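2 protein chains.
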Amino acid sequence: MTDIFRRVGDKWSMLLVILLGARPHRYNDLHRAVEGISQRMLTRTLRTLETDGLVQRAVHPTVPPSVEYSLTPLGRTLLEPLSALADWAVLHEAEINEAHARHTSG
Amino acid sequence: MTDIFRRVGDKWSMLLVILLGARPHRYNDLHRAVEGISQRMLTRTLRTLETDGLVQRAVHPTVPPSVEYSLTPLGRTLLEPLSALADWAVLHEAEINEAHARHTSG
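Residue numbers (full-length UniProt numbering), protein chains in the order written: chain E, 1 to 106; chain W, 1 to 106.
Bear in mind the hints are in silico, worked out from the structure with no lab data behind them.
Do not take every clue at face value.
Pulled from the structure, derived: some chain W residues nowhere near chain E, Cβ distances all over 12 Å [what the hints assert, rightly or not]:
id, residue
1, Pro24
2, His25
3, Asn28
4, Asp29
5, Ser38
6, Gln39
7, Arg40
8, Val59
9, Pro61
10, Val63
11, Pro65
Chain W side only, calculated, beta carbon under 10 Å to chain E, not exhaustive [as the list claims (entries may be wrong)]:
id, residue
12, Gly53
13, Ser83
14, Ala84
15, Leu85
16, Leu91
Ranges of calculated distance between the beta carbons of each label pair, as one might list FRET restraints [as the list claims (entries may be wrong)]:
id, chain 1, residue 1, chain 2, residue 2, range
17, W, Ser70, E, Arg57, 38 to 46 Å
18, E, Thr43, W, Glu68, 39 to 47 Å
19, E, Ser38, W, Tyr27, 31 to 39 Å
20, E, Val90, W, His60, 35 to 43 Å
21, E, Arg44, W, Gln39, 20 to 28 Å
22, W, Ser83, E, Ala58, 32 to 40 Å
23, E, Met41, W, His60, 40 to 48 Å
24, W, His31, E, His100, 23 to 31 Å
Only a predicted model underlies this, so the values are computations on that prediction, with no experimental measurement involved.
For each residue, glycine too, the CB sits at the ideal point set by N, CA and C.
Between the sequences and the hints, there should be enough to build the whole structure, so can you do that?
Take a look at the structure:
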C-alpha cells in the first residue's frame, strides 16, 4: 500500500488530478494552471499518471496536432479522497498559518 | 489552498501522520517504520509537521532522554481524509499494477 501511496501521495499528481477532474486540459493549460511546476516535472508526472492508468491522452489532428489530457474512470475514483484532502486544507488553512506564526515568532 | 496542499500533499508527511494516528512514536520507531526515509528527511518532515501544528514532541527524562512524537488535535483531524486516500490506494492497487503491466509490456 505504501508503494501506491508514495506515487499518488505526491503534490503535483494530486493537483493535476484535481484540475483534470474539472475538465480535460491541454499540456500548456496544465503548465499555466499549476503554479511552480517545471515542464520537466509536468511531463514526468503526467507520464506516471498515465502509466498508473489514472490519466489518458488524446491527440487531436489540429495543425499543429494538440494533446489533451483527461482522467480515466480509475482516475475519477481518486477525486473523492483527494477532494476531501483539499477541503481539509482549505478548512484548516488559518489554524496552520497561526501555528506557523507561533513557531516563527516563538 | 494549493500552498497547504503542497505541504500536506507530501508522501512522507502523509505516511508519518497515519503512523502517529495509531499511537505516539519515538524517532527511531518512525525511522524503522517508514521504509526508505532518510534520517535527514525524517527530521525535516517532522519539523515541518510541528511548524504546521500537526505534530507535537515530548521529551521524556529517561537516560538518555527520549523524544516522543504524537499528533496534535489539529493533526488528528487530518486522519480522516488521509485514511480515505490510503483506503483508495489499497482498493485500487491491483488495477494500478495492471495498468503498469500494460504500459511496460505495450
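Structure-based check of all given hints:
1. Pro24: It holds; Pro24(W) is separated from chain E by about 19 Å at its closest Cβ, greater than 12 Å.
2. His25: The assertion about His25(W) holds, with a minimum of 16 Å to chain E.
3. Asn28: holds (19 Å)
4. Asp29: Holds, because the least Cβ-Cβ distance between Asp29(W) and chain E comes to about 16 Å, which exceeds 12 Å.
5. Ser38: holds (14 Å)
6. Gln39: Its Cβ never comes within 12 Å of chain E, the nearest being 18 Å, so this holds.
7. Arg40: holds (18 Å)
8. Val59: Its Cβ never comes within 12 Å of chain E, the nearest being 16 Å, so this holds.
9. Pro61: Consistent with the label, Pro61(W) stays out of reach of chain E, its closest Cβ about 22 Å off (over 12 Å).
10. Val63: holds (28 Å)
11. Pro65: holds (21 Å)
12. Gly53: holds (3 Å)
13. Ser83: holds (9 Å)
14. Ala84: holds (4 Å)
15. Leu85: holds (4 Å)
16. Leu91: Leu91(W) check passes; min Cβ-Cβ to chain E is 8 Å, inside 10 Å.
17. Ser70(W) x Arg57(E): 38 to 46 Å: Distance hint for Ser70(W), Arg57(E) holds at roughly 44 Å.
18. Thr43(E) x Glu68(W): 39 to 47 Å: Since the Cβ atoms of Thr43(E) and Glu68(W) sit about 42 Å apart, the hinted range of 39 to 47 Å holds.
19. Ser38(E) x Tyr27(W): 31 to 39 Å: holds (33 Å)
20. Val90(E) x His60(W): 35 to 43 Å: The hinted range 35 to 43 Å holds for Val90(E) and His60(W), with Cβ atoms some 36 Å apart.
21. Arg44(E) x Gln39(W): 20 to 28 Å: Distance hint for Arg44(E), Gln39(W) holds at roughly 27 Å.
22. Ser83(W) x Ala58(E): 32 to 40 Å: About 34 Å separates the Cβ atoms of Ser83(W) and Ala58(E), which means 32 to 40 Å holds.
23. Met41(E) x His60(W): 40 to 48 Å: holds (41 Å)
24. His31(W) x His100(E): 23 to 31 Å: Since His31(W) and His100(E) have Cβ atoms about 25 Å apart, the given range 23 to 31 Å holds.
Hint check: no violations occur; every hint is consistent with the structure.
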